[in-house]
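Let the sequences and hints guide you as you build the complete structure.
Each chain, written out:
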Amino acid sequence: MTLQQILFILVGAITLGAALMVVTRRNVFHAALFLILSFFGVAGLYVLLEAPFLAAMQLFIYVGGIAILIVFAIMLTREVMNPAAPGANRQWGSALLVAVALCGVLGWMALNHDWKVTPGPVSADSMANLGKALVDPQGFVLPFEVTAVLLLITFIGAVTIARER
Amino acid sequence: MEFLKNLIVNVGLWFQGLLASTSLPETWVLAITRAAGALALALVPLVTIFFFIWYERKIVARIGSRLGPNNSGAYGGPWGIFQVFADAIKMFTKEDVIPAGADRWVFNVAPMLTLAIAVMIWAVLPLGKGLIGIDLNIGIFYLLSLGSGSIVTVVMAGWGSNNKYALLAAFRSIATLISYEIPKALSVLVVVMLAGSLSMQDIVAAQDVAFLLALPLTAFLFLAATLSELGRRPFDLVEADSEIVAGYFVEYSGIKFGMFYVAQFMNQLAAAAIFSTLFLGGWRGPWVDQVPVLSTLWLTAKILLSVLIIQFFQYTLPRLRIDQVLAFNWKFLTPLALVNVCAVALAGKTVPASAGPLTQAGISLGANVVLTLIVLGILAIAGRQARQREASRLATQ
Amino acid sequence: MVPLEWVLVLAAALFCTGLYGVLSRRNAIAILMGVELMLNAVNINLVAFWRYREPTAVTGQIFALFVYAVSVAEVAVGLALIFAIRRTQDTVVLEDIDLLKG
Numbered sequence: 001m002t003l004q005q006i007l008f009i010l011v012g013a014i015t016l017g018a019a020l021m022v023v024t025r026r027n028v029f030h031a032a033l034f035l036i037l038s039f040f041g042v043a044g045l046y047v048l049l050e051a052p053f054l055a056a057m058q059l060f061i062y063v064g065g066i067a068i069l070i071v072f073a074i075m076l077t078r079e080v081m082n083p084a085a086p087g088a089n090r091q092w093g094s095a096l097l098v099a100v101a102l103c104g105v106l107g108w109m110a111l112n113h114d115w116k117v118t119p120g121p122v123s124a125d126s127m128a129n130l131g132k133a134l135v136d137p138q139g140f141v142l143p144f145e146v147t148a149v150l151l152l153i154t155f156i157g158a159v160t161i162a163r164e165r
Numbered sequence: 001m002e003f004l005k006n007l008i009v010n011v012g013l014w015f016q017g018l019l020a021s022t023s024l025p026e027t028w029v030l031a032i033t034r035a036a037g038a039l040a041l042a043l044v045p046l047v048t049i050f051f052f053i054w055y056e057r058k059i060v061a062r063i064g065s066r067l068g069p070n071n072s073g074a075y076g077g078p079w080g081i082f083q084v085f086a087d088a089i090k091m092f093t094k095e096d097v098i099p100a101g102a103d104r105w106v107f108n109v110a111p112m113l114t115l116a117i118a119v120m121i122w123a124v125l126p127l128g129k130g131l132i133g134i135d136l137n138i139g140i141f142y143l144l145s146l147g148s149g150s151i152v153t154v155v156m157a158g159w160g161s162n163n164k165y166a167l168l169a170a171f172r173s174i175a176t177l178i179s180y181e182i183p184k185a186l187s188v189l190v191v192v193m194l195a196g197s198l199s200m201q202d203i204v205a206a207q208d209v210a211f212l213l214a215l216p217l218t219a220f221l222f223l224a225a226t227l228s229e230l231g232r233r234p235f236d237l238v239e240a241d242s243e244i245v246a247g248y249f250v251e252y253s254g255i256k257f258g259m260f261y262v263a264q265f266m267n268q269l270a271a272a273a274i275f276s277t278l279f280l281g282g283w284r285g286p287w288v289d290q291v292p293v294l295s296t297l298w299l300t301a302k303i304l305l306s307v308l309i310i311q312f313f314q315y316t317l318p319r320l321r322i323d324q325v326l327a328f329n330w331k332f333l334t335p336l337a338l339v340n341v342c343a344v345a346l347a348g349k350t351v352p353a354s355a356g357p358l359t360q361a362g363i364s365l366g367a368n369v370v371l372t373l374i375v376l377g378i379l380a381i382a383g384r385q386a387r388q389r390e391a392s393r394l395a396t397q
Numbered sequence: 001m002v003p004l005e006w007v008l009v010l011a012a013a014l015f016c017t018g019l020y021g022v023l024s025r026r027n028a029i030a031i032l033m034g035v036e037l038m039l040n041a042v043n044i045n046l047v048a049f050w051r052y053r054e055p056t057a058v059t060g061q062i063f064a065l066f067v068y069a070v071s072v073a074e075v076a077v078g079l080a081l082i083f084a085i086r087r088t089q090d091t092v093v094l095e096d097i098d099l100l101k102g
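Residue numbers (the working numbering), protein chains in the order written: chain V, 1 to 165; chain R, 1 to 397; chain G, 1 to 102.
Be careful, since some hints might not be right.
What the hints assert, rightly or not - Now the stretches of chain V that chain G is said to cover, found in silico as 3 or more residues with beta-carbon under 8 Å:
1. 58-65
2. 103-110
3. 116-122
Unchecked claim - Footprint (simulated), chain G over chain V, 3 or more residues, beta carbon under 8 Å:
4. 17-26
5. 33-47
6. 130-142
Unchecked claim - Label pairs and their computed distance ranges (CB to CB):
7. E74/G / Q397/R: 34 to 44 Å
8. L305/R / T56/G: 36 to 46 Å
9. W6/G / I32/R: 24 to 34 Å
10. T160/V / T396/R: 29 to 39 Å
11. V291/R / T2/V: 26 to 36 Å
12. V341/R / E50/V: 27 to 37 Å
13. L43/R / S94/V: 47 to 57 Å
14. V339/R / G157/V: 20 to 30 Å
Note that these hints are calculated values from the structure, not bench results. Don't be surprised by glycine CBs; every beta carbon is placed ideally from N, CA and C.
So this is what it looks like as structure tokens:
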């Protein structure tokens, strides 16, 4: 058991445990806090997979953006949610069955397939390559610009939908 | 004498040699040395905070024509240096009140997380030549994402207090924090563009000419955004004593309030350190190559200067309202930051690749100065128009 | 080094947890949180395959970045819709929003 494997099991347990709390907590604010914990766990996983830039982006975007949005939404819709009501709806049994079955299928497939792993070192200037690829005409500049337009549309759409008439 | 020249690094190596001469295995020696180094690094902000709280109170007092802490009280000590210890003892001995209906876990964890994040910032700051916690290749980006982490603690503190005024203050604080992340990230982007790397040591190494002289407008943008993130006047509406009592930590007392208070000062110290590293040249100064331990002294001097600048803003400017704060960000700072990025990038393209650092700094300075003059011109015209409108409105009444 | 299968199994478990959250929760915002868990699981898969199959290319990380951008867009619009529903229907429980039911 190398140190990396021990760390991976620890971070994975935190992420999965927090995710299970997210989907079972009745108090939806506590679920949001556990969601933030699972985002931190996923960022730790990215660090273990040697993608530090993605780990920082995960913290920046998910924790600093999406999680805050979700917490705001919870606080602003608080009074219409009866706290004594059950958190799960009528079909939680079949949902559990489907989720466990899918997890079994995916896990069996992951363990019994030869993935042809080619473990090499990550290049030292992978971040510089990332930046160059995003603005390279033969690279990803078109999805980059389209994403900018997508975010603008989202901005305008969200403000229009949520506006007071 | 040679030992003294690179004092801090040599002490670490001596400690490691001491451990290696015992019969511990190699990995244990390394692990213990690293753990001791991490502990020493974490103690640096926690110990120097005592000095900096005293420093701030002296500055505040002198700005207000007062003396500040001095030896006239029973616990003052010479020049009042024990005043801070007396405050700390007072805070430790206060009663720990948890409001009824508060969410216990969330309420108790929030101040601990705030302090933890404030200490985590110090892992990537270059404290001297070859003296850094860890030289991440995403150094400055790590600092920006820790700012997002501190937003979560504000949410927890505001929600866990079961107090609608704390919740309101937490909302305002979060709105300010996430709004001012944008000009901060954009001004850091300009610095990274000039330095060519996100790593903190590389940014310091690229400052043959300090970036404050090459990019004054960017430094101003970064300072304004940082003042807001710290909750310092003119943006301190979230903890305005005379308005919303203590903002989102109104329900905290005793050592938990002490943790928030210390975390706020530590954030200020860390912000001064980041400003010194990004814009004042970090640990660079004369005679650093011959005597590396002088680099830490230069950095300390620059941090003291940056703290002085932040205090001048804090204690001489009035407070802005929340709508003024947000309007200042979205209508002034963010467009200015975006245009600044474009201007510096364009100016950088006109520099021939073989030019020396002074030429590059000069061209960036030119771009910044031109942009500042244009912005001042626009503000002057808009101000004159507003005054004319006001005068005609008063004349026709 | 951690075997690739471990990372894939973890991502699969995270995905199915998010799926359970989407299918079984009453509050609309809790369903959105399940969707976020699923997107995170997909990102872990992408980065794991990038690291273990082709670490010198940048395609894996870029794909993950675009997944971030799209998920941000989807959360923003989803929450705006929830606000609009709350204003008119006065509830955020998805079972009670059945105006189109026959």
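Check: Broken hints, numbered, in rising order?
Finding: 7 and 11
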